[in-house]
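All chains, full assembly: derive it from the sequences and hints.
Protein chains in written order, with the working numbering: chain B, 1 to 367; chain X, 1 to 621.
Calculated directly from the structure, the hints in this document are not laboratory data.
Keep in mind that this is a model prediction, so the values were computed, not measured.
It is possible that part of the hints are untrue.
Stated by the list, open to error - Per label pair, the in silico range of CB-to-CB distance:
{"#": "1", "chain 1": "X", "residue 1": "K112", "chain 2": "B", "residue 2": "Q142", "range": "46 to 54 Å"}
{"#": "2", "chain 1": "B", "residue 1": "V169", "chain 2": "X", "residue 2": "G488", "range": "39 to 47 Å"}
{"#": "3", "chain 1": "B", "residue 1": "P241", "chain 2": "X", "residue 2": "D545", "range": "33 to 41 Å"}
{"#": "4", "chain 1": "B", "residue 1": "Q142", "chain 2": "X", "residue 2": "L225", "range": "40 to 48 Å"}
{"#": "5", "chain 1": "B", "residue 1": "P241", "chain 2": "X", "residue 2": "Y207", "range": "37 to 45 Å"}
{"#": "6", "chain 1": "X", "residue 1": "Q402", "chain 2": "B", "residue 2": "L125", "range": "47 to 55 Å"}
{"#": "7", "chain 1": "B", "residue 1": "L125", "chain 2": "X", "residue 2": "R151", "range": "57 to 65 Å"}
{"#": "8", "chain 1": "B", "residue 1": "K332", "chain 2": "X", "residue 2": "A56", "range": "43 to 51 Å"}
{"#": "9", "chain 1": "X", "residue 1": "A228", "chain 2": "B", "residue 2": "V169", "range": "45 to 53 Å"}
{"#": "10", "chain 1": "B", "residue 1": "E9", "chain 2": "X", "residue 2": "L262", "range": "51 to 59 Å"}
The beta carbon of each residue, even a glycine, is placed where N, CA and C say it ideally should be.
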Amino acid sequence: MNIAAATNENLAQISNYLIYSAMAVYALAFIGHIAEWVFGSRSKVARTAAALGRGRGAGAEASASVPEQPAVQVREGGTTTMERPKVVTRSAPGARADVPDGPGAAAGDEQGDMYGRIAISLTTLGFLFHVAGVLTRSFSVQRAPWANMYEFSTAFSMCIVGAYLLLLVLKKKVRWIGLPLITTVLLDLGLATTVLYTESDQLVPALHSYWLWIHVSLAIVCGALFYLGFVATLLYLFRDPYEAKLERGDKPGKFATSVMERLPSAASLDKFAYRINAAVFPFWTFTIVAGAIWAGDAWGRYWGWDPKEVWSFITWVAYACYLHARATVGWKGRKAATLALIAFACFLFNYYGVNIFFNGKHSYSGL
Amino acid sequence: MSTTETGSDTGARSPGADEAAEATERAETAEASSALSTAPGEEKLNVPALGVIGWARWFWRQLTSMRVALILLFLLSLGAIPGSVIPQTSVDSVKVEQFKEKHELLTPVYEKLQLFDVYTSVWFSAIYILLFISLVGCIVPRTWQFVGQLRSRPPRAPRRLDRMPAYTTWHTDADPEQVLGAARTMLKRKRFRVNAEGNAVTSEKGYLREAGNLLFHIALIVLLLAFAAGQLWKAEGNKLIIQGDGFANTLTQYDDFRSGSLFTADDLDNFGFTLKDFHARFEKTGPQKGSARDYRADISYWEGDGKEKDTTVKVNEPLRSGDAKVYLMAHGFAPVVTVKDGKGDVAFRGPVAFLQQDTNLTASGVVKVTDYRDAKGRKDQLGFQGFFVPTYAPGSGSMFSQWPELKNPVMFLTAYHGDLGLDYGAAQNVYQLDTENLKQFKKKDGSPLAQKLVPGDTMKLPDGAGSLKFEGVKEWANFQISHEVGNGWALGGAMTAIAGLAGSLFIQRRRVWVRAVRGADGRTVVEMAGLARSESAKLPEELGDLAYTLQSSAPTAPAPAPEPEAGTEAESAPEEPETASASQDGDENGDQDGDGTASQPETGESRGDTADTRSSRGERQ
Ligand code: HEM
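Written out as structure tokens, the structure reads:
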């Protein structure tokens, strides 16, 4: 018994060291991303204005590439070889002209790109430490590693990084999210290890259930994905006015241009955010249902308007609002995006605020 | 894709021409996408024609519009907030009382606004009832419309396919009829619904999206009805049971009981149980030392047939019987005492439950003895009041328990006699002593009689008034018995809603057209176009795949030289170079979302090498 307890405490200690190591590596990755952005700013890209057809001065590069197009004879030699047909896409009438995505933080700058790649490698390394840290914590308490706020937070940022790396592995273009993501992860881990830290420990009886695995892990994963959608939405809310400004023929400031040009187009950001939020919504619904089933077993009622339940419900309705808004003419675009931000704010409040400010049945935060 | 247009003729266009072109384009797209969903159209807030019916119709239209649904949804989430900030009677009535005592000014205002009962308040109910009327008003016509769409065939192809969001074209030596026939077969095999008219084939797929959406909204209605039924017919009560005692599920046996407005006593399920044993395990070390880790109650229960069965009730594992569930809520200790009267006869014997005061189970309680005669044989009543401590630390000087298990049980009691106030028929708290008409026993020196007892000790009352013996300790458990209806419906509704949502959000409803006409040069021009409900990066990919498949029956022939074609093919020929540029963009979008990888990477790569090395390298990863 004593030996077991000692190994457990050792494991918990190791887990802490691993989390600290992950933070250190993430911090280096953060610096890498900063370098990527800084070096990237040397490159002058202004494809947006050119694409919008009204760009003055900046259009040179893009229009220069247009005459090159015919050089690629698409139909050439198509007689016998089975070449894939080329599909022309066009946006819906009335929407802003298609704008190409920005080239990413490094903007083609070799050095910037190198730093960016280093940052991603470091992120991967940090992620390995992070996973190991969460796993050892789980072994040390012999249960799911998400039963108090410290554990929620470490698992949450782990899922964020995991989702991001997974998208990169799947060749989705999400590198632009790197800097804000690492910043958030560092903040989250910083909060977790200082303010929210709780010694590893066993569970109160109500948490002894396999629903802990299902309900809480789903909530964390949903949160991580909602977070990605949130970053995209936020950037969209910066990028969209920028494009609108260019479209009007105005000239945005130098800094804004440098940053905005490297981001994906507003349309891409918006689409990315929508896809993620829409895809997560059913899972979030299931998270709430799973929680209700669990509450039915543990507390004798499946729904009792406990603060956590209230805010899960509010978050759910807010995301439903967002989805509805997108299907409603006149509410697309920035208005809908604002709703998405509100919805994510509700999620965050449910996650942090409710644990800290309210005293409900979900008071396991360990604070 | 305005690169398509800007490349060729933006410079020549005047803004007015732009707008006109856009308007026709809009009209064409609208036609092509007609009946592709059942979402209601957006209506302006037109002022209705006068008259009651006009207004009623206007009101109904507004209520069932998507805009109002959105506003109501928003209000619903806003309305839920106060309930999490202000204590709620339904959640914690004690907290509500405390709040009311502290906030004298706010309380009347809050009470007026029903802020202590947000979720049953008039205004909150109004929001969700309106929302659900709106929902029904929205669902019913949409369902009919959808059934109509399933019955009819997809509408005919639009005139200009190249105006659609995804488009591709090629020339072939195959006959137009042959191409169309092949297209029909292919699309049917891919489970599109196909309608061939004239020189074009229209096909549509993804009806499950609409079905899923309707299913989701209907499931929400089911869920709400189940929830409402649950509230109206619910009943819930508590029962404290001392080890060895039993419970039968009738109203009189409950310690307290609450029920919904439509519940009647006949709804109670017929069952009962006996508490045989209770086990608790607590954290022995660490910062959460003393926290409960496991509670378990061993019970034997019977149902309608009367047969006794043994089982265990744990915190997450209630006993189920019919619509009822028995939950283990709390536990504590019940000292067993024997009280003798002035004559030495036993006036009371049994366990008395003491209620928990802190996490280490320091408990307070009372012993009431009604059938008692004093030393002179006169009828009187006895009341004992005090604390029970499962683990007493002698040296600590503290009367509080040090540990929640029975390690060193001690009871501290004082004694009263007089009128317990039980005879007036008024309900009385069995765990409290109303000392108003009671006299405290005094010691010889005049100080109140108080004694510390360990099991086996006896407390002698002065002047031969009798005695109380602390015989031992039993455990008790508190159970909540709740009667819930509609749970199955609620769960079914929720699960259906999720399934419907998945269909609604993961499936694209889209149309694909194929047109084949003989060009002036005798070759067949094949055009394919796709349109989805929402812009999707998957659609161009799918169209590419379809075109690729179709090309096995209609192989591409080299494009004719541009000059002789100018007349008949004016629309498609000049766009060729742009097609190339556009397909690159399409590729970028595809890659961004990561679905484009299947169909276009070759294009992107070859383009990257020849045309735009810098940017494509920058973008690719
Ligand atoms: C309880 C409240 C409601 C919730 C939680 C809810 C939720 C949703 C969700 C999640 C979607 C999917 C959005 C998408 O496809 O992108 C949706 C679509 C839709 N909802 Fe609701 N809804 C509610 C009430 C209503 C009401 C009252 C109406 C009618 C006025 C309505 C009409 C629609 C329509 C027409 C769509 C389809 C939009 C499309 O095809 O893109 N909903 N709803």
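To see whether the hints hold, each was checked on the structure:
no.: 1; hint: K112/X x Q142/B: 46 to 54 Å; verdict: 52 Å, holds
no.: 2; hint: V169/B x G488/X: 39 to 47 Å; verdict: 42 Å, holds
no.: 3; hint: P241/B x D545/X: 33 to 41 Å; verdict: 37 Å, holds
no.: 4; hint: Q142/B x L225/X: 40 to 48 Å; verdict: 43 Å, holds
no.: 5; hint: P241/B x Y207/X: 37 to 45 Å; verdict: 38 Å, holds
no.: 6; hint: Q402/X x L125/B: 47 to 55 Å; verdict: 49 Å, holds
no.: 7; hint: L125/B x R151/X: 57 to 65 Å; verdict: 59 Å, holds
no.: 8; hint: K332/B x A56/X: 43 to 51 Å; verdict: 31 Å, violated
no.: 9; hint: A228/X x V169/B: 45 to 53 Å; verdict: 47 Å, holds
no.: 10; hint: E9/B x L262/X: 51 to 59 Å; verdict: 55 Å, holds
This entry does not satisfy hint 8, going by the numbered hints stated previously; all others are met.
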